[in-house]
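Colleague: Take a look at the letters that make up each chain.
Protein chains: 2
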Amino acid sequence: MSHVYAVIMAGGVGSRFWPKSRERTPKQFLDILGGGSMIQQTVRRLESLIPPMNTLVVTNIFHQDLLRRELPFLPSENLLVEPVGRNTAPCIGLAALWVHRMDPNGVMVVLPSDHMIRDEAEFLRKITTAVDVAEQSRGLLTIGIAPTHPETGYGYIQFDESAEHNPYTDKGVFRVKTFAEKPIIETAERFLASGDFLWNSGMFVWRADVILKEIGIHLPELYANLEEVKLTLTTPAYRATLEQAFGKIKGISIDYGVMERASNVFVVRGDFGWSDVGSWDEVARLSNGSPDGNASKGTVILRDVSGSYVDAGSKVVAAIGVEDLIIIATDSAVLVCKKGRSQEVKEIVDYLRRKQMNEHI
Amino acid sequence: MSHVYAVIMAGGVGSRFWPKSRERTPKQFLDILGGGSMIQQTVRRLESLIPPMNTLVVTNIFHQDLLRRELPFLPSENLLVEPVGRNTAPCIGLAALWVHRMDPNGVMVVLPSDHMIRDEAEFLRKITTAVDVAEQSRGLLTIGIAPTHPETGYGYIQFDESAEHNPYTDKGVFRVKTFAEKPIIETAERFLASGDFLWNSGMFVWRADVILKEIGIHLPELYANLEEVKLTLTTPAYRATLEQAFGKIKGISIDYGVMERASNVFVVRGDFGWSDVGSWDEVARLSNGSPDGNASKGTVILRDVSGSYVDAGSKVVAAIGVEDLIIIATDSAVLVCKKGRSQEVKEIVDYLRRKQMNEHI
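Chains Y and C supply the protein sequences, listed in that same order. Residue 454 in the working numbering is what sits at position 6 of the first sequence, and the numbering runs on without skipping anything. Residue 807 in the working numbering is what sits at position 359 of the second sequence, and the numbering runs on without skipping anything.
Heads up, some of the hints might be wrong.
Chain copies aren't distinguished; within one or between two, either way the pair holds.
With a straight-line cut-off of 30 Å between C-alpha atoms, the simulated DSBU-like cross-links for lysine-lysine are [said to hold, decoys possible]:
(1) K661 <-> K625
(2) K678 <-> K696
(3) K630 <-> K661
(4) K619 <-> K696
(5) K468 <-> K745
(6) K698 <-> K794
(7) K678 <-> K698
(8) K468 <-> K787
(9) K794 <-> K745
(10) K787 <-> K630
(11) K630 <-> K698
(12) K696 <-> K661
(13) K619 <-> K787
(14) K630 <-> K619
I should point out that these hints are in silico values taken from the structure, not numbers from a laboratory. The model shown is predicted, which means the values in this text are computed figures rather than measured ones.
For reference, chain Y alone in the conformation it holds in the complex (with noise of 0.2 Å):
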């Protein structure tokens, strides 16, 4: 499918993985899960599809040169910069404006940088189905997962099984009825019940001149700001002018933007034990337990301990008597965090900053 690029956003600047995770290393560098940091899980999960040749990579200043060095194998020319974050209409705007240029058919399947797939073949598949029905149909396509759980961190998409209007039922592709945010937890248990919900994961399947199209109608300030860089894409003055643009541009959600406001969205249904692994807890959750429910990286001893996630990083930790906490030993620092509290992290990292502690942030 030499038509067909990934746009991998890997801007984050999250601290929600704290003390692993610091603003020179966020969540997508890190090799949380094991086998490898995930922004090179999530380059390696697409390459059967996708080659690094057309893989574009958005990332920001601060991280540009730790990219590079994860990712030596993605040509130089494939790292798109932002001079400074808008959140995603704008990143998907500018790699748009890539992709088309690199091939006016190109078709982007835009992925955030930092998510699990267990099931990999089937994510594949389901990128595939979407690559189809984004060039059949000329609409936006988004990957929506069958839930398993009332979560509350995630949007969830409303779709529309009828066939109406909808030629691509069969494929398990359907009708976007509307966006839902992070719902409270009866919501959630409302959603899931219903059987017509999914969660949001923020991946996109379209052409490149759809969304450019899309982004004309829906966001006429962003798409002016876009044909000014556009004119300078391969000239000297392309730094300069993607400064100005991003400097006078609103940060906005592509959701937001025009995935709510569109009409011709469509969803299409996964089911490929997927996860943004958005905390420690959901870390813990991930990691495969011994029976006494707890999970552990490096030198751990665990001593009549239960329900218990420990990342010893290069030191050893030993725990004695307690349950259903989070510990997390780096070089510099140490987080003890009791289970289903970890959204708590950002609140240290505030402090931190607050504190001016800046060698620990």
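With the hints as your guide, set chain C onto chain Y.
Modeller: Showing chain C alone in chain Y's frame:
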């Protein structure tokens, strides 16, 4: 009191303070409660009574260099090095030989190197009393601590309050009836209720010639070996003779070998905020906590944490939503232990030893 000598026993190799204590740096070399290493504090708190010139420290071959660095003001000949640890009786016997040689009327104040004493003035008063009575009575004096709770981690000393055969009751010095091993909790409660039991602190005061005579009576084999060493004290043969002697003698404690068998034994009742600082739990108890019962050393961030003791070493430690934990971070290891279970730390060290993870012990 120029004829008074301190004999500080610093040969301990305990593992109860892992990961902070290591085989190379056992507890007496650690600054566990602040204010310098425990052995520095032990020497310093005696200073007004016994100058460094009269202070002997008994250690082993592994720690002599560290000890010299910790106590640079100590004359190097005051460091007695045991070729091999043989418990307290041989250690004290060896020190007695040296004290007796330096001063035939010398009185020894024998102290462990790793205990905490809060009220130093009161401690010195009791030592002074013990020295006086040791000289007048030619008896064996021990310091007993007025118990504050039914501790099962200490041995006990039962004393006789009557003034029969005892002219020193008005000084708070009593005849010893029995020494009791570490009791079970019910027995400890009975001891506490009875009012005539004291904690055995392992501190002793006696004339050097008196303890040597008592060793001669109750441990004749040890005495015979000490006699051989005595002949070589300041000769080049000393080291070899000592090695030979310690190679032959059996390990035995002064309590079991002499104190429990001798007749002229007194106890000075002391009440000066003493602890043997025997575990991380004890450190946690001794540390001044905040209203939520937490106490910490180093850079520690606590979020909804109570009843916990955290020593961050040179790292930053963050804890979220936990209670009653002991968290100790060092450069190479982390301990997370439920309060009340820190005696199990030695099982961790045993495990590391079995697995030959020598870099961690």
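Colleague: Taking the hints in turn, state whether each one holds.
Modeller: Hints versus structure:
Taking the shortest alpha-carbon separations for K661 and K625, only the intra-copy value of 21 Å comes in at or below 30 Å, while the best inter-copy value is 98 Å. For the identical chains of this complex, K678 and K696 are intra-copy neighbours only, at 16 Å inside a copy versus 91 Å across copies, given an alpha-carbon limit of 30 Å. Taking the shortest Cα distances, K630 and K661 sit within 30 Å of each other inside one copy (28 Å), while across copies they are farther apart (83 Å). When the C-alpha separation of K619 and K696 is checked against a cutoff of 30 Å, the pair qualifies neither within a copy, at 41 Å, nor between copies, at 87 Å.
Proximity of K468 and K745 under a CA criterion of 30 Å is satisfied in both settings, with 13 Å inside one chain copy and 22 Å between copies. In this homomeric assembly, K698 and K794 come within 30 Å of each other (Cα to Cα) only inside a single copy, at 25 Å, whereas the closest approach across copies is 59 Å. In this assembly of identical chains, the alpha carbons of K678 and K698 lie at most 30 Å apart only when taken from the same copy (18 Å versus 89 Å across copies). Taking the shortest alpha-carbon separations for K468 and K787, both the intra-copy value of 17 Å and the inter-copy value of 27 Å come in at or below 30 Å.
In the homo-oligomer, the alpha carbons of K794 and K745 lie at most 30 Å apart both inside one protomer (22 Å) and across protomers (23 Å), since each shortest distance falls under that limit. Taking the shortest Cα distances, K787 and K630 sit within 30 Å of each other inside one copy (21 Å), while across copies they are farther apart (39 Å). For the identical chains of this complex, K630 and K698 are intra-copy neighbours only, at 22 Å inside a copy versus 72 Å across copies, given an alpha-carbon limit of 30 Å. Proximity of K696 to K661 under the C-alpha cut-off of 30 Å is restricted to the intra-copy arrangement: shortest distance 20 Å within a copy versus 94 Å between copies.
Proximity of K619 and K787 under a CA criterion of 30 Å is satisfied in neither setting, with 39 Å inside one chain copy and 58 Å between copies. When the C-alpha separation of K630 and K619 is checked against a cutoff of 30 Å, the pair qualifies only within one copy, where the shortest distance is 27 Å, while the shortest distance between copies is 76 Å.
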